[in-house]
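*Asks:* Sequence:
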Amino acid sequence: MEKKNGSSPGLLGVISEHADRIDMSLMALGTAGCIANGSSMALIMFALSRMMNGYASTTSITLADINQYAITYMYLAIIVGSEGFCWGHSAERQSSRIRIKYLKAILRQEIGYFDKTLEASRVVTNISTDISINIQGVISEKIPGFITYLWMFMTTELTAMYLCWRLAIVALPAMFLLILPGVVYGNLLAKNEEKLQEAYGVAGGIAEQAFSSIKTVHSYVGEERMMRRFSTALHPTLILGIKQGLLKGIVFSSFGILFAVFALVSWYGGVLVIEKGVKGGDILSAGICVLYGGFGLGASLMNIKHFAEAKISAALISEIINRVPPIDSTDKQGKTISIVKGALEFKDIDFAYPSRPETLVLKKFNLKVNACQTIGLVGQSGSGKSTVVNLLERFYDPIEGEILLDGINIKLLQLKWLRSQMGLVSQEPILFATSIRENILFGKEGATSEEIVEAAKKANAHNFIMQLPNGYDTLVGELGTQMSGGQKQRISIARALLREPKILLLDEATSSLDSHSEKAVQEALTCASVGRTTIVIAHYLSTIRHADLIVVIKSGEVIESGSHEQLIQNPSGSYSIMVHVMNTQIKTKTLASPSSNFTEKEEKIDEKKLTRSDLVTNQRSDEEYSRPSWRHLMEMTTPDWKSTLTGTIGALINGSVQPLVACFQAAMLSIFFLNNHDEIRSQTITLCFVFLTISVSSIIASMIQHYYFGVMGENLTNKIRSSIFEKIMSFEIEWFDQEENNTGALCSRLSTDTLMVRNLVADRLAFFAQSISAAILAIIWGLLLSWRLALVAICLQLFTVGSFYLKLVMTREMSKKIADARDKSSGIASEAVSNHRIITAYYSHEQVMRLYEDTQKGPKKESQKQPVYAGMALFTRQFLTIVNIAVLYWYGGKLLYKGEITYKNLFQTFYIVVTAGILIAETGSMIGDLSVGTNALKSIFKILKRDSKMDVGPLENHVLNLKKINGKIELREVEFVYMIRPTKVVLNGLNLKIEAGEVAVLVGISGSGKSTILGMIQRFYDPIMGSVEVDGVDIRRYNPRALRSFIAWVSQEPTLFAGTVKENIAYGKENATEAEIIQAASLANIHEFISSMKDGYDTVCGERGVQLSGGQKQRIAIARAILKNPAILLLDEATSALDVKSESIVQDALEKTMVGRTCVMTAHRLSTISRWNKIVVIDNGSVVEEGSHDDLLDKGENGAYFSLFSLQQQSFISNRESPS
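Per the working numbering, the very first residue in the sequence shown carries number 1; after that it's consecutive.
If you're looking for bench data, these hints aren't it; they were derived computationally from the structure. Note that the Cβ used here is the ideal one computed from N, Cα and C, for glycine as well. Among the hints, erroneous ones may be present.
DSBU-like cross-link-like pairs, simulated, lysine-lysine; straight-line CA separation at most 35 angstroms [claimed, not checked]:
no.: 1; residue 1: Lys1094; residue 2: Lys1062
no.: 2; residue 1: Lys968; residue 2: Lys195
no.: 3; residue 1: Lys719; residue 2: Lys963
no.: 4; residue 1: Lys1174; residue 2: Lys964
no.: 5; residue 1: Lys1195; residue 2: Lys457
no.: 6; residue 1: Lys938; residue 2: Lys727
no.: 7; residue 1: Lys642; residue 2: Lys332
no.: 8; residue 1: Lys898; residue 2: Lys215
no.: 9; residue 1: Lys332; residue 2: Lys279
no.: 10; residue 1: Lys363; residue 2: Lys101
no.: 11; residue 1: Lys363; residue 2: Lys1094
no.: 12; residue 1: Lys101; residue 2: Lys276
no.: 13; residue 1: Lys243; residue 2: Lys898
no.: 14; residue 1: Lys332; residue 2: Lys215
no.: 15; residue 1: Lys1062; residue 2: Lys968
no.: 16; residue 1: Lys457; residue 2: Lys104
no.: 17; residue 1: Lys243; residue 2: Lys341
no.: 18; residue 1: Lys332; residue 2: Lys347
no.: 19; residue 1: Lys1069; residue 2: Lys1174
no.: 20; residue 1: Lys963; residue 2: Lys727
no.: 21; residue 1: Lys364; residue 2: Lys332
no.: 22; residue 1: Lys457; residue 2: Lys416
no.: 23; residue 1: Lys968; residue 2: Lys363
no.: 24; residue 1: Lys1152; residue 2: Lys727
no.: 25; residue 1: Lys968; residue 2: Lys1174
no.: 26; residue 1: Lys904; residue 2: Lys215
no.: 27; residue 1: Lys1094; residue 2: Lys1152
no.: 28; residue 1: Lys104; residue 2: Lys554
no.: 29; residue 1: Lys727; residue 2: Lys942
What follows is a set of in silico ranges between Cβ atoms, one per label pair, in the way DEER data are often shown [what the hints assert, rightly or not]:
no.: 30; residue 1: Glu1074; residue 2: Glu224; range: 19 to 29 angstroms
no.: 31; residue 1: Ile399; residue 2: Lys554; range: 11 to 21 angstroms
no.: 32; residue 1: Asp1148; residue 2: Ile399; range: 57 to 67 angstroms
no.: 33; residue 1: Gly802; residue 2: Ser435; range: 13 to 23 angstroms
no.: 34; residue 1: Leu158; residue 2: Ala28; range: 14 to 24 angstroms
no.: 35; residue 1: Gly1156; residue 2: Val1184; range: 24 to 34 angstroms
no.: 36; residue 1: Ala28; residue 2: Asp1095; range: 51 to 61 angstroms
no.: 37; residue 1: Asn1071; residue 2: Lys368; range: 47 to 57 angstroms
no.: 38; residue 1: Asn1173; residue 2: Asp1148; range: 35 to 45 angstroms
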């Protein structure tokens, strides 16, 4: 049973849980800065009250008073500077720690949790959005903002009480009108935000599937279907986002209530002046304190929405971090065995996968394996063979029964120790997007270079590795895409052999290898099996012929067991029938000994250097792609021009409110100092109505601004996401091969970068428009009232603007480095989930975490600089604001004494320019957001402005209206390299001609270029020289998607999507009927199995088809190809994952499907291809032989095909002989 962890901690719980003493100290210092910052407005208003009363009286404030206030503000500004530095630094430290803990917790979870709960896209979103944006953003900005504004509320209200307690008491109750919108907004937003994250989780999952399976998507012309699915999944996020904008508009408009409160303050202030003789400066300062106190209260409550978002994110993260899995890989408890013999026993095992609990995979399964025995498990696909390995590795625990190792229940053994005793090679080789060396090292951490090389030699991988440009340091690409199937398998075997395990688990370990490699690797595995227990799962019975015990499994039960000799004694037994079927596939022709000139030669690689002119791309540089185009961005908002225009008008009106209020506040001050009480009463009432009008206008304008910018922002986000997804779907495969374009990075761009751009355009630019409106109006008005004082203010503001521009320059490159590094870390996180099974088997958690932490070092160093700049910016903002006030105070007094300005104009100009200055400083503080948003914009336009190489050239150069092809294929003098390894020539002057309706079989050693040819025919890649032609036309003149619509491809490693079985088969033909789907499944020998499942064709396959066995996935992929009814059929080891019986049935179905169409297939099992008349031998990227099976064999021992075939047949014949 899974342990219950109670309720997940909230945001404060996450902070207290992941903050150390240094973080606590930093946050304490930051809090002191927040308190100082929040106190600054109260201190300013207190000083201004003295100033106003002084100027209005006969005794003015002295220069010493001014200096004293200025020095006090200097000290205050220094303390305030600690706010940004301390909180930002602590936020980066904590978020980095949380990211690492989260990924560690992910890797800790049992396999079943991933089968039914967690997807790779969700992990990337959690890291890039929930931690990096929501939690880190709240700690670095929102919590200090909340403290600052809350303290501002308290200090300004206390100052108001001190200056004029009667006024403060009257105004204070009205302030609490601001609490209701904030609280209600926070609750509504929390629910809305949770729905929004869930909604995007669906869309993100679709994107992750599409990017990680891009070859299958392209091959089956599924781009538009994926785009429709993605757009449909995005629609709920649009509705929820617009709703969020409406809520935001309501709460921000509530700030307009403050001006109505000031109308009340003004009216009552007039009463106090007339009846109580209170000084005008105290009343106005107290009134403004009330106003700013209300603003502080409202602004602090605004953070509730961010707290709500962060609370949801914290709950999601904490749920994983605190979850204790039922099979806990970190559990140190349990026994260990000092000397492991390797005896295994399965007793009465019942088991069903968590995702399909109603279907028993193993039923009362019993199996006993003696120490150091080699056991062969055989049976049809889906019979439960791989499940035996899964249970032995404790990926899952049985429902009933027990598994014993040397007589001890494996549940009682320490899990890490148990897995360290086993070496697993799975049917689908899994590699990580790092170097070959690192991939082999996953088998044994800390292994020496000599040990790595020795393991690679045993796996027959050393030679091909050394021929690569970077040898063992060559990057294999995401999921090993830069290696052939055989190369990946050999690296996986080297990883297992490096471990020197006591128990060796081989799940179709050599299914992807050619005959030469298989023989060498099989010999290595046979030697490796000596002295250790070995469990071999095999479809090709020759590989387990000499096993000590062969176990036949059917429907989860052992139906036969014994040695080969014992089992074939029963002619009606399942094993005998399988052997008979396989024997009939082998043509028993006596051959001479194979020549060593082919079988033993190294996989030599042409290291011919290619010049830049050879690698013709005709593409613009990445630098040009990444230049952010504001014009293009604005064009994307054109469909929403009405919303943009309306929102901008609202922002401009909203911006003009501040200078107007400042002007009328100063006017109110001059009224308070009038001697005529009737004039005071009359003019006060007039200004009260002005403030009420401003209040109503502000409420309406703010609602319009935030709602319509919200609508525009959500539509823009939706459009950018759709456009990015559509653009990525159009890119050639070569683009996806590049390291920076891994699945995790692309998902992160879709999730995070688009949100940053949305915030930049919809939120920040709206505020900029508001600030520009205020600044322009303030400057014009100030110049009209007192041009001298206004010019001084403008000059001072230039220093403020310059300081923030300097910050932008300093942080721009830093933000880009952080974004690039986090793309890499997202890729590793995504791979960690996708490859969780192999990480668990090899207990490679620490190696993965080391790779992840290495990617964190870069952003951590850069991110730690950001708080320094943030602190400097905050210090500059506060310091220059105070300097402005001090200078204007001094210069205004000088002008007043000289008679160059009136008392009223002095304070009107002073208030207007000071208010505008504060607003400019506030705007400048958003420079960091502008820098981050600009880098996100670059990342987005790097994609949007890029043209696919597959579509280069004008439309008239394409053959249009492609309605039918005959299927004639010709490759002429084709030379090709993968651009990530431009010095390794994969195809070298290759010539190949296949007539329409002909079946051509490509054979050769692993890495010779067979799969590359299939990719070239589908135009996954273009040759650097020569041409690929279909029906006599260079395929570069065809529209790639039109060409692929006539081609069906079944890859060596079948790719399924996380939908139902029906949806996966129907991917072969849009709008296929149920009858067509069933017919295709029947031909692929999968219909019976599908129908036996509870949900039949509606059974969910799981992410990448994880809920199905390798053979089941392969048959569904074949059914998908059959359904497409193509003119050209490409089969890349299409039956390698099938058992003998299924292979025979499917092979017959494929032969029927091949009639009347061109078929190109690759094969390692030469026994299955002897019937075809065109067999092409590929070696080092060139055709060395072609002809029929008999013609090629007639060439004798000097023939390449003869060497391959005789080697394979000798292996089979030797396996038929009884062991000595």
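*Asks:* Which of the listed hints are broken here?
*Replies:* 2, 7, 8, 9, 10, 12, 13, 14, 17, 23, 24, 26, 28, 32, 33 and 38
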